[in-house]
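A.B. asks: So the sequence lines, in the order shown, correspond to chains P, L and S. Heads up: the first sequence runs through residues 1 to 125, numbered per this note's numbering. Heads up: the second sequence runs through residues 1001 to 1443, numbered per this note's numbering. Heads up: the third sequence runs through residues 2001 to 2482, numbered per this note's numbering.
The set of hints was computed from the structure by calculation and includes no laboratory data. Please note: incorrect hints may appear among the correct ones.
[Unchecked claim] EDC-like, lysine to aspartate or glutamate: derived pairs with alpha carbons at most 20 Å apart:
1. 101(P) x 53(P)
2. 1284(L) x 66(P)
3. 1195(L) x 1176(L)
4. 2363(S) x 1024(L)
5. 1279(L) x 53(P)
6. 1317(L) x 2454(S)
7. 1059(L) x 2116(S)
8. 62(P) x 83(P)
9. 1299(L) x 2054(S)
10. 2475(S) x 85(P)
11. 2019(S) x 2047(S)
12. 2035(S) x 1028(L)
13. 62(P) x 44(P)
14. 2344(S) x 1039(L)
15. 2475(S) x 1295(L)
16. 1280(L) x 41(P)
17. 2475(S) x 77(P)
18. 1346(L) x 2054(S)
19. 2432(S) x 1017(L)
20. 2405(S) x 2454(S)
21. 1299(L) x 2045(S)
22. 2184(S) x 83(P)
23. 2252(S) x 1042(L)
24. 1317(L) x 11(P)
25. 1183(L) x 1219(L)
26. 1148(L) x 41(P)
27. 2035(S) x 1248(L)
28. 62(P) x 85(P)
29. 101(P) x 36(P)
30. 117(P) x 53(P)
31. 1294(L) x 2469(S)
32. 2316(S) x 2236(S)
33. 2316(S) x 2158(S)
34. 2290(S) x 2123(S)
35. 2344(S) x 1248(L)
36. 1317(L) x 66(P)
37. 1280(L) x 1248(L)
38. 2252(S) x 1028(L)
Since this is a predicted model, take the numbers as computed values, not measurements.
Now for the letters of each chain:
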Amino acid sequence: MAVEGLLYTKEHEWAKIEGNSATIGITDYAQQQLGEITFVELPEAGSQLQQSEEFAVIESSKAASDVYAPLSGKVTEINSRLETEPELINNDCYNSGWVCKIEITDKKGVENLMNAKQYEQFLKE
Amino acid sequence: MPFISNTPQQQKQMLAEIGLSMDELFGDIPKELMAKSFELKEGLSEQQVRNQLTELASKNSIGLTCFLGGGFYDHFIPAVVQAIVSRSEFYTAYTPYQPELSQGTLQSIYEYQSAICRLTDMEAANASLYDGGTAIYEAIMMALRITKRNKVIIDNSVNPIYRVMVDTYTRNLKIELQQTENKEGLANREQILEKLDEETGAVILQNPNFFGCIDDFTDIAQAAHEKGALLILSCYPISLGILKTPGDMGADIVTGEGQSLGMPLCFGGPYIGFMASRKKFVRKMPGRIAGQTKDQNGKRAFVLTLQPREQHVRRAKATSNICSNEALCALSAIVYLSLLGKQGLKETAQCCADKASYAYQRLTKIPNVKPHFKTNWFFNEFVLDLPSEAPEVIARLIERGLAAGFPLSRYYKGMENSMLICVTEQRTKQEIGILAENLESVL
Amino acid sequence: MKLIFEKSVKGRKSFQITKNEVVKSINIKPELLRKENAILPELSELDVVRHFTELSRRNFGVDTNFYPLGSCTMKYNPKVAELIASYTGFAKLHPLLPQLRIGGMLTQGALQVIYDTDMLLREITGMAGFTMQPLAGAHGELTGMMIMAAYHNDKGNDKKTVLIPDSSHGTNPASAATAGFKVKSIKTNQYGVMDLESLKDAVNDDVAGLMLTCPNTLGLFNPHIREICDLIHSVDGITYYDGANLNAIIGKARPGDFGFDIVHLNLHKTFATPHGGGGPGSGPVGVNEKLLEYLPVSVVVKRKDGTYSLQYDKPKSIGYIAPFYGNFSVILKAYIYILMLGAKGLQRVAENAVLNANYIREKLKKYYHLPYEGICKHECVFSASKQLQENGIHAIDIAKALIDKGFHPPTVYFPSIVKEAMMIEPTETESKETIDAFINAMIEIAQLAKSDPEKLKAAPTTTPISRPDETAAAKNLDIANL
Chain P
1 MAVEGLLYTK
11 EHEWAKIEGN
21 SATIGITDYA
31 QQQLGEITFV
41 ELPEAGSQLQ
51 QSEEFAVIES
61 SKAASDVYAP
71 LSGKVTEINS
81 RLETEPELIN
91 NDCYNSGWVC
101 KIEITDKKGV
111 ENLMNAKQYE
121 QFLKE
Chain L
1001 MPFISNTPQQ
1011 QKQMLAEIGL
1021 SMDELFGDIP
1031 KELMAKSFEL
1041 KEGLSEQQVR
1051 NQLTELASKN
1061 SIGLTCFLGG
1071 GFYDHFIPAV
1081 VQAIVSRSEF
1091 YTAYTPYQPE
1101 LSQGTLQSIY
1111 EYQSAICRLT
1121 DMEAANASLY
1131 DGGTAIYEAI
1141 MMALRITKRN
1151 KVIIDNSVNP
1161 IYRVMVDTYT
1171 RNLKIELQQT
1181 ENKEGLANRE
1191 QILEKLDEET
1201 GAVILQNPNF
1211 FGCIDDFTDI
1221 AQAAHEKGAL
1231 LILSCYPISL
1241 GILKTPGDMG
1251 ADIVTGEGQS
1261 LGMPLCFGGP
1271 YIGFMASRKK
1281 FVRKMPGRIA
1291 GQTKDQNGKR
1301 AFVLTLQPRE
1311 QHVRRAKATS
1321 NICSNEALCA
1331 LSAIVYLSLL
1341 GKQGLKETAQ
1351 CCADKASYAY
1361 QRLTKIPNVK
1371 PHFKTNWFFN
1381 EFVLDLPSEA
1391 PEVIARLIER
1401 GLAAGFPLSR
1411 YYKGMENSML
1421 ICVTEQRTKQ
1431 EIGILAENLE
1441 SVL
Chain S
2001 MKLIFEKSVK
2011 GRKSFQITKN
2021 EVVKSINIKP
2031 ELLRKENAIL
2041 PELSELDVVR
2051 HFTELSRRNF
2061 GVDTNFYPLG
2071 SCTMKYNPKV
2081 AELIASYTGF
2091 AKLHPLLPQL
2101 RIGGMLTQGA
2111 LQVIYDTDML
2121 LREITGMAGF
2131 TMQPLAGAHG
2141 ELTGMMIMAA
2151 YHNDKGNDKK
2161 TVLIPDSSHG
2171 TNPASAATAG
2181 FKVKSIKTNQ
2191 YGVMDLESLK
2201 DAVNDDVAGL
2211 MLTCPNTLGL
2221 FNPHIREICD
2231 LIHSVDGITY
2241 YDGANLNAII
2251 GKARPGDFGF
2261 DIVHLNLHKT
2271 FATPHGGGGP
2281 GSGPVGVNEK
2291 LLEYLPVSVV
2301 VKRKDGTYSL
2311 QYDKPKSIGY
2321 IAPFYGNFSV
2331 ILKAYIYILM
2341 LGAKGLQRVA
2351 ENAVLNANYI
2361 REKLKKYYHL
2371 PYEGICKHEC
2381 VFSASKQLQE
2391 NGIHAIDIAK
2401 ALIDKGFHPP
2411 TVYFPSIVKE
2421 AMMIEPTETE
2431 SKETIDAFIN
2441 AMIEIAQLAK
2451 SDPEKLKAAP
2461 TTTPISRPDE
2471 TAAAKNLDIA
2481 NL
């Protein structure tokens, strides 16, 4: 299930763009693949993300998955609730299960992302 | 054939069911790739192999009175340890991937982890690493993962056997190893503080150190933490029966060689590397970890936990490539610690220190035999200076049935006449006397 | 069951230390001493023995049950090897002795064990020399990768990539990465072996080498192995053979003859030393002529007079990888095993290991999906996909149901390229009767999957615990009783 209005990566991350900032998380498909999430290793606030490079790790009891940055930018806020409630990603990955917020440093990166329709098509393939 | 159960008749039956001949079963291997040679002697019977190996065993001299230590110790091993680790339910099992069939192994690992934490005053321990040397290397990698830095400081009072291993493992990695020179047998604080900066990931020290000297690293831990670096402390578990704990000093990662906890010397292995840390670092820790949980009926159960950090899940991104560790040795350690108990471990450590102190007094009364370091604080090993080259003196004492000590010139310049002597609880007053008499007479 | 710490009774004591006849003369300033005793249990000897005996009964081992855990070669461990390893002439030997002048002469028996085992492994694999030091299989892999790096450094080659098939053991990419290499994964083709065309596409000047398990984790022998080695050698790459599955071909074919430059063996698999609940193992590494000079120090050599000594003078060596000479008693047990089997015995090992695996493959293929057809070597890999599709039964349910029938389950969910994988390695030491009983159990379970799937999901019911909550274990981390 993809949500309209968000942008998506082939690695199953989403980004919600508001002006110069973006909220980042993983998709419903990704959380289903991982199963029950037990731990999220968050990036540090202030750190610099590079598009397509890993910046966080999400662990379930059986698997661990890197999270890749949908866009380049500086981390302005992290979802510290995930430290104690990693299951938020399972329960509500597009809202309370967000991972971090960034200040976008390279707007052109948006061109590499898919919209909801394209992402759903990508999942079918 | 030994250890093969199928009779020739059964083999025929099975081949018939498959519908292939034995040669055809190997038909997927191209002919030109079949073994060019396979010249081994004919197999031996159990009786023959026992005779042959009894003879080989007799070519090893185990009659020497042992004052050799250097990180590998001749401690007393109660019979219970061997009896338990000889139970084949333990030793013929493998990694506890199926928790229902491995509660014995899993609970014993959990208990081992707990005992290591209690001994070191730390909060988390893993199920074991190969040995004390690889444990330091793994601790360095862990510290660099945590701090995201690439420089480490190691004092040369850390066991040289481990330092050369660390050199090997870090050679191709982007890690800067900075060595400091011990000062009067203790970690060189001036040099460490001078080198410590914002790029330092860890300081690596040992207590008691290779010379047997005891220290308190609280100050270095603080200095390291101020710069955002970690303190890795390698220690000798028996000594922790009485010595100030790494946790108390502020160490972040504690490692060590666990051989002294109920494992025979056995010409170098199998031994066990232990590792403990602060709980907040546990997800960066290498190796297996047993954890407690509940089963579907609410019963206490143990499982391997945090497996996503490991190679079989994370492959190239794992915290370490370690798979098999030293599980059976961890069992030896927990049985040993359980049997000695709270009082027994303290008494054993105390006894080692008492006897070493006695030996020190006795040996330093010999004319021209002097302590090498001014510091008097040692656990059960100390360094003596002899009037002539130590290797030669040690060789003369071997001829008299004594493994008197280790010549430090092997690893340290300027210590040609120095010998490291170790005294465990197994050495008697009489044996110490014999060492003193013989040392005096060969000088 | 209670923890050993929970059984502690204040003031109870069993261990009696020998009376200390020297004057209490400890000389350590009080600030250097610990403030409180370590809180270890206070128990009688009987308490300790009962506790651990009870724990032992909560374990399956090869001695108690059939243990066809794929890729682990859980064969019988000869008792005579355990006995000999406990001889004081071996067990009490201090490893620093040979580093003392004339001390080497006091350890000639032990040095000979290491030397002879090296020689035997050379003949078994077709390699030119071994280091016996690696303390486990993965440690051997890392050693091999460091040798690969040393070779390229020495030749001035700037190569960073190691190629590894996607069906490999997880240790392979982890070891290559640990040694500082980049890992590139090569896919498996429809026949279950590494795809030659993908490999050709991936081979370039940056390729430092290839790590290959053969037979692979699907139990299949790659017929193009010679071509693969030539391809890697054409860019001055090094070929690495993961010998975890040597049991399948021992005495029949040798990795050295295939063209491999580096080989590691798992003595605790092929050479019948016990797995110890997850170690100790031993992972000797063999190399061909061109890599001999990079092997770790020290090396046991034989002098002209027939005595043995340790050689340290190897300027191009990768250095020291272990404190001493390896896990000596594991090496000793493997040595005993090889001496007892001899050439013929080892060939029968491969034959019966392969026979047993193929017999299972043939008998079960009607009941479970076999993703890759054709003869296998030491193990066969089935998939529970049919049971999943038709009845919602996963590989894990089949595994747990096997437990109630008295069998250790196969390796499940590995290799990951097979969905719902069940990897069965019977080994040569098991008899047809045991294997028939296992086959019958598997068939019954396949039938139960159809008739009563809920029963399978409730399994196991005969064990002290059932289906522990691993998610809770990872979330509410409790890894030490403090």
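A.B. asks: For a C-alpha distance cap of 20 Å, please report whether residue 2035(S) and residue 1028(L) respect it.
C.D. replies: violated (67 Å)
A.B. asks: Given the proposed pairing of residue 2316(S) with residue 2236(S), does the C-alpha separation stay at or below 20 Å?
C.D. replies: The hint holds at about 19 Å.
A.B. asks: Tell me if the straight-line CA distance from residue 1280(L) to residue 41(P) falls inside 20 Å.
C.D. replies: Status holds; Cα separation ~12 Å.
A.B. asks: Quickly compare the C-alpha distance for residue 2475(S) and residue 1295(L) to 20 Å and report which way the hint goes.
C.D. replies: holds (15 Å)
A.B. asks: Given the proposed pairing of residue 1346(L) with residue 2054(S), does the C-alpha separation stay at or below 20 Å?
C.D. replies: violated (27 Å)
A.B. asks: Hint check: residue 2316(S) vs residue 2158(S), CA-CA at most 20 Å. Holds or violated?
C.D. replies: holds (18 Å)
A.B. asks: Hint check: residue 1299(L) vs residue 2054(S), CA-CA at most 20 Å. Holds or violated?
C.D. replies: The given pair, whose Cα atoms are some 17 Å apart, holds under the 20 Å limit.
A.B. asks: With the threshold set at 20 Å, check whether the alpha-carbon distance from residue 2184(S) to residue 83(P) stays at or below it.
C.D. replies: Given that 20 Å is the threshold and the Cα spacing comes to 33 Å, the pair is violated.
A.B. asks: Can you confirm whether the C-alpha distance between residue 2405(S) and residue 2454(S) stays at or below 20 Å?
C.D. replies: Holds: residue 2405(S) and residue 2454(S) sit about 16 Å apart, inside 20 Å.
A.B. asks: Is the hinted pair residue 1317(L) and residue 2454(S) satisfied, with a Cα-Cα distance of at most 20 Å?
C.D. replies: With Cα atoms ~38 Å apart, residue 1317(L) and residue 2454(S) exceed 20 Å; violated.
A.B. asks: Residue 2475(S) and residue 85(P): Cα distance at most 20 Å?
C.D. replies: The given pair, whose Cα atoms are some 9 Å apart, holds under the 20 Å limit.
A.B. asks: Would the pair residue 2344(S) and residue 1039(L) pass a check requiring their Cα atoms to be no farther apart than 20 Å?
C.D. replies: Measuring from Cα to Cα gives roughly 10 Å; hence the hint holds.
In this structure, the earlier hints numbered 5, 6, 11, 12, 13, 17, 18, 21, 22, 29, 30 and 35 are contradicted, and the remaining ones agree with it.
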